[in-house]
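Sequences listed follow chains A and W, in order. Per UniProt numbering, residue 1 is the first one in the first sequence, and the count goes up by one each step. Per UniProt numbering, residue 1 is the first one in the second sequence, and the count goes up by one each step.
Just so you know, these hints were derived from the structure itself, not from any lab. Any given hint could turn out to be false.
Unchecked claim - Listed next, the in silico SDA-like pairs over lysine to any residue satisfying Cα-Cα at most 20 Å (straight line): (1) W/K194 <-> A/A181; (2) W/K194 <-> A/D175; (3) W/K77 <-> A/P185; (4) A/K194 <-> W/A181; (5) A/K194 <-> A/E139; (6) A/K194 <-> A/V90; (7) W/K194 <-> A/V180; (8) A/K194 <-> W/D175; (9) W/K194 <-> A/P185; (10) W/K194 <-> A/E177; (11) W/K77 <-> W/V99; (12) A/K194 <-> W/E177; (13) A/K194 <-> W/K17; (14) W/K59 <-> W/Q123; (15) W/K194 <-> A/L195; (16) A/K194 <-> W/E87; (17) A/K194 <-> W/G184; (18) A/K194 <-> W/V176; (19) W/K194 <-> A/E139; (20) W/K194 <-> A/R126; (21) A/K194 <-> W/R189; (22) W/K194 <-> A/G193; (23) A/K194 <-> W/Q188; (24) A/K194 <-> W/L195; (25) A/K194 <-> W/K194; (26) A/K194 <-> W/K59; (27) W/K77 <-> W/D48; (28) A/K194 <-> W/W100; (29) A/K194 <-> W/A98; (30) A/K194 <-> W/V99; (31) W/K194 <-> A/Q188; (32) A/K194 <-> W/P185; (33) W/K17 <-> W/W100; (34) W/K194 <-> A/G184; (35) W/K59 <-> W/K77; (36) W/K194 <-> A/V176; (37) W/K194 <-> A/L179.
There are 2 protein chains.
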Amino acid sequence: MTDPKRRGRRPAGEDTKAALLAAAREVFTEQGFDGATVRAIAARAEVDPAMVNHWFGGKQGLFAAAVQLPITPEWIKEHVFAGPVDELAVRVVRQFLAVWDNTGGGAFATLVRSAATQESAAQMLREFITAVFGGMLRELGVDQPELRLALFGSQLSGLGLARYVIRLEPLASADVETLVATIGPTLQRYLTGKL
Amino acid sequence: MTDPKRRGRRPAGEDTKAALLAAAREVFTEQGFDGATVRAIAARAEVDPAMVNHWFGGKQGLFAAAVQLPITPEWIKEHVFAGPVDELAVRVVRQFLAVWDNTGGGAFATLVRSAATQESAAQMLREFITAVFGGMLRELGVDQPELRLALFGSQLSGLGLARYVIRLEPLASADVETLVATIGPTLQRYLTGKL
């Protein structure tokens, strides 16, 4: 196979998109959300900077995609909130691991590092959590939905931190069923149980 | 009061120690654990680099102190493990908040950012968690002590992440009693309950 790097700029197809995502993860990790420029990411990917707007609608969209945050309220509604309410947490754990295990945790580390460095990234993450889960949690009709969402976020982000960033064993290499059985009840209580 | 910066290098007293801690938090945040040098931190603090060894025994000790990790197994034994076993988690939440709220979460953010950036910092954190809590958890005689410790670490670090880094409300400004009542039962189950 030909090394695409030797053929100069890539065509505006899926190759370009994948190259931009890989470059974005590197540059966001090195320089954080504020420090990373669209130009620097495009240069690393060896594509035209205009492709960032074309594929991701700008730097924020590229960041969201690079750290696996393209999950929308619609996606969550279909994959998580559809089904029995008392198995909500089981579906959350399964989907969380399906999304993040996929990138070996590198995307999660980028996200955490950005949030720990720049208020803009922390704000994006807050808005993401509220936008994706907030409305549906209120629909459940539980008391204190904001506190529940924040507690839920603390355990879910802590799972990511322990598994992908600190890599604390045996949690880092635990299988999905172990995490469903141990962390599931915590998340279920935060969402619908007695606080 | 005289501005100490105008008097050149600081004397080798508590002032020096405080200046080194403040400088360390800045430089570790900017450059990560591996990137930050003892020389750069001492220069920022306007003290002799030898003071780092004098006060902290080296770069690793300075990092631990800067991110509020100087908690020892002895300290934990006295402040957390002493007392009724079924109130273990209550004491953990209280002590965690007492330690970290103190620096407004800045130290926690430095710690998380370092762990997300450098394997050496992640390893230090793993070793810290295991050293401080591991032995005592095994003393409790519970099953699966390693898994329990990792689950415990995931919720506790997630609390820090949500409160100090993402600053997810209402958790970010929740009072101690609210967090004891909501997160306490989770931690207690991870430590001594049915998994």
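Restraint check for W/K194 with A/A181, where alpha carbons must lie at most 20 Å apart: Roughly 10 Å between the alpha carbons, so the hint for W/K194 and A/A181 holds.
Keeping to a limit of 20 Å between CA atoms, is the pair of A/K194 and W/L195 held or broken? The hint holds at about 19 Å.
Quickly compare the C-alpha distance for W/K59 and W/K77 to 20 Å and report which way the hint goes. violated (26 Å)
Is the Cα-Cα distance between W/K194 and A/P185 20 Å or less? holds (11 Å)
Are A/K194 and W/K59 close enough, with their CA atoms no more than 20 Å apart? The given pair, whose Cα atoms are some 45 Å apart, is violated under the 20 Å limit.
Run the distance test for W/K194 versus A/L179: straight-line Cα separation, threshold 20 Å. holds (14 Å)
W/K77 and W/D48: Cα distance at most 20 Å? Measuring from Cα to Cα gives roughly 35 Å; hence the hint is violated.
Within 20 Å, alpha carbon to alpha carbon, are W/K59 and W/Q123? holds (15 Å)
Within a Cα-Cα threshold of 20 Å, do A/K194 and W/Q188 meet the stated pairing? holds (16 Å)
20 Å limit on alpha-carbon distance, applied to hinted pair W/K194 and A/R126: violated (32 Å)
Does A/V176 sit within 20 Å of W/K194, going by the straight-line distance between their CA atoms? holds (18 Å)
Satisfaction of hint between A/V90 and A/K194, Cα-Cα up to 20 Å: At roughly 18 Å apart (the allowed maximum being 20 Å), A/V90 and A/K194 satisfy the hint.
Checked against the numbered hints listed earlier, the structure breaks hints 3, 13, 19, 20, 26, 27, 28, 29, 30, 35; every other hint is satisfied.
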